[in-house]
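K.L.:
What follows is the residue order along each chain.
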Amino acid sequence: MDMLYNILIAPFLEIAKSPSFFAEVVIGGLMSGVMYSLVALGFVLIFKASGVFNFAQGVMVLFAALNFSGLLDAGLSIWLAFPLTVLIMVLLAWCIERLVLSKLVNQQDIILFMATIGIGYFLQGFGEFLWTGNVRKLDVGIPQDAWFFGDIMIQQSDVFAAVVAGILVIVLALFFQYTRIGRALRAVADDHQAAMTVGIPLRSIWLIVWSVAGFVALVAGIMWGSRVGVQFSLSVIALKALPVLILGGFTSVPGAIIGGLIIGVGEKVAEIYWGPLFGGAIEEWFAYILAMLFLFFRPQGLFGERIIERV
Amino acid sequence: MFYREAGDFKTTYKADQAIFPIALDRWFVVTVVLVFLVVVPLLASNYMLESILTPVLILSIAAIGLNILTGYAGQLSLGTGGFMATGAYMAYKISTAFPGLNIVFVLIAAGLCAALVGIAFGVPSLRIKGFYLAVTTLAAQFFLLWLFTRVPWFVNNSISGVPTAPPRKVFGFLVSSADSDPIDRYLFVFIITVVLALVAKNLARSRIGRMWMAIRDMDIAAEIIGIRPLTSKLTAFAISSFYCGIAGALWSFAYINTVEPTAFDINRSFEILFMVIIGGLGSILGSFLGAAFIFLFPILLNVMPGWFGLEISVTLVTQVELMVFGGMMIFFLIVEPHGLARLWSIGKEKLRLWPFPH
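Protein sequence lines, in the order shown, are assigned to chains C and B. Residue numbering for the first sequence follows the working numbering, starting at 837 and increasing by one per position. Residue numbering for the second sequence follows the working numbering, starting at 205 and increasing by one per position.
No lab work stands behind these hints: they were computed from the structure. Certain hints may be false.
Derived EDC-like pairs: lysine to aspartate or glutamate, alpha-carbon spacing no greater than 20 Å straight-line [stated by the list, open to error]:
#: 1; chain 1: B; residue 1: Lys333; chain 2: C; residue 2: Asp945
#: 2; chain 1: B; residue 1: Lys333; chain 2: B; residue 2: Asp421
#: 3; chain 1: B; residue 1: Lys405; chain 2: B; residue 2: Glu540
#: 4; chain 1: C; residue 1: Lys939; chain 2: B; residue 2: Glu540
#: 5; chain 1: C; residue 1: Lys884; chain 2: C; residue 2: Asp1027
#: 6; chain 1: B; residue 1: Lys552; chain 2: B; residue 2: Glu254
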C-alpha cells in the first residue's frame, strides 16, 4: 500500500505543493529535449532519403564539435571556423557516399546499419587522432546568465538553444518544401526508383542529405559542446536520440522534434519525482522503457507512416 | 581433388540427413574438436589458454545465441550485454545461495533466468520489427544493467558492488575463481561450447529452426501457412537469451573471476553483433569465426607495431585501433557482406574442383 501511495499519489502532491519548481523541471526537460531533437533530426533526414539507419549520427555530432572547437583553439575566429567545419562535414559526406554507401547499394538494411557503426568507430578514432581525446571547453559566446519569471529560473543558454533549433527546423522545412533540391529529396524519400526514372540523380541527392545531416550534427555539437564540453560522452548522449525517433516515427521531422520534447520532459520529471523511489539514475533507461511501452500501442510512432504490409 | 563427395554414397535417410553429410567434413570437424580437446591444452601456454582461447570460446557461445535471434529468426537485438549480465548475476546469486550445487546446474539455471528475461523483452517483437525492435532491445540493455548495479540484493550486499566469483568444482576440478588451473577452465568452457554449438546446430535444422527462418524471411507469409509468430519469436528470444546467459555466467566465473557490470555494457552488445555479422548471419560456424576475428583483431593491432620495432604511445594505439577497426568493418562488409562463413563455403566449392577447374 505504502509503495503504491509513493508511486501514485505522493509525487503528484509534491507537484501540487510547488508548481513553480515543477515548471522549472518541465522547462529544463524541454531544453534537453531540444538537444535530443537536434540529434534525432539528423537521423530522420538520412533515414527518410536513403533508408539508412545512421548509427554514426552521434559520433558525427562529436566529430563536428571536435573539429569546430579544434579550429577555434587554433586561433580562427568563429566566422571562419564555422564555414570551415561545414566544409569538413560536406567532405565527410562525400567520402561516406563514395567509399561506403555506393559500394553497398542493394544490400540488406542490417548490413548498411553495421557499416554506419563502422563509420562511427572510424570517425571517433579519427577525430581524437586529429584533435586529441581531451575534454575541450567550447565557448561561442552563448549567453550564460539566467532570467527570472516570478520564482521560475530559465537559463539563457537554453533559450538560445531552443531558438536556434527552432530556426533550424523552419529553415529545413522551407528548404524541403520550396526548393528544387528539397522537392527532389522528398521524391527520393517516397520512391527511389520512381525518382530515378524522372531523372533525379540518386547519388548527388544522398550527398546532399548526408551533408545536411552533417550540418545538423554540427549545430547539435555546438549546442551540446558549450553545455557539457566537447568529449566522448557526446556520442553516448546521442544514443538517447533513438527512443526519441521511436516515439516520433523514423520518417517524420516534426515527430523528431515532438518526440524529443516528450522524452526530455518525461525523463526529467520521472527522475526528480519518481527517481528516489527506485534509487535514482532512472534517467539512464527511462526513455527506452517509455518508447518500448509506447510501441505496444502505436508501432509506427506518433507521426510515422502507417505500416502497410503485403505478402 | 582431395575434398570431394564422389564415392560417398548414402544408403539410408539417416545418413542423408546427418549434420555433416560429407565424410571428409565429418572427419575434419572431429579432428578439430580432438585437437582442441587434447593437443591444444598440452601445447598451449597458460596465457594462450587463459586470455585468448577461453574468452574466444565464451564469446562464441554469446555469438551463437545472438545468431539464433538475429541470423535465424531475423530479430535484430542490441541487448545482448543485458542478457549476458542477467546470466552472470543470477549464476552468482544461485551459486552463493546453494553452495553445494554443481556449477553445471548453476549455469543451466542462470541460463533459464536469462531466458525468462529474454521472453519479457521479446514481447514487443510481436508488434514491431527491424530497427524499431533494435531500439527497444536497448531498453533491456540499459534497464538490466541499471538494475544489477542499483539493487544490492543481486550482489549479496557486497560493499564494493563487484563480488568475486565463488570457487566451484566439476568432477573435482576447480573451474572458477582465480586459483583454478587455466587448463581445467579451458576444458570446461570448451566442452560446454561444443555441446551448446551441437544443440544449436540441431535446433536450426529442426522444425523450430525452420519456423524461425520462415519468420525471418517473411513473417506474414509464415503466419499464413500456419506458423505461430508468438511461439516462434518468443522461443527464439528465450533460447538466444539462454545462450547469452550461459556465456555471461561463464565470462564472470571462468574468465574475469568477478561479477561486474562493466563487462556487459553496450559495447559488448555491439561487439557481439559485429561477431555475428562478420562471421555470417545464420551460421553456427560463422559465430566461431566472427568471435575469433573480432576478439583477436584488436590484440593483433596492439602487438603488431612491436614486431616492426615501432614505439607508439598508448593513446595513439587506441585511436589508430578504432580507425583500423572501423575501416576493416566497412571493408569486410563491402567485400563479403555474408561474412566469413560464406568465404569458407566458397573455399570449399573451389576445393571441390581444384586443381582441375572443369
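K.L.:
Are the hints correct? Go through all of them and say.
P.N.:
Hints and how they fare:
Distance restraint check for Lys333 (chain B) and Asp945 (chain C): the Cα-Cα separation of roughly 12 Å lies within the 20 Å cut-off, and the hinted pair is therefore satisfied. Between Lys333 (chain B) and Asp421 (chain B) the alpha-carbon distance is near 13 Å, which keeps this suggested pair within the 20 Å criterion. Restraint check for Lys405 (chain B) and Glu540 (chain B): not satisfied, since their Cα atoms lie roughly 23 Å apart, outside the 20 Å limit. Simply put, Lys939 (chain C) and Glu540 (chain B) have alpha-carbon atoms about 11 Å apart, close enough for the 20 Å limit, and the pair holds.
For a cut-off of 20 Å, the pair hint linking Lys884 (chain C) to Asp1027 (chain C) stands: about 10 Å separates their Cα positions. About 32 Å separates the Cα atoms of Lys552 (chain B) and Glu254 (chain B), which puts this hinted pair outside 20 Å; it is violated.
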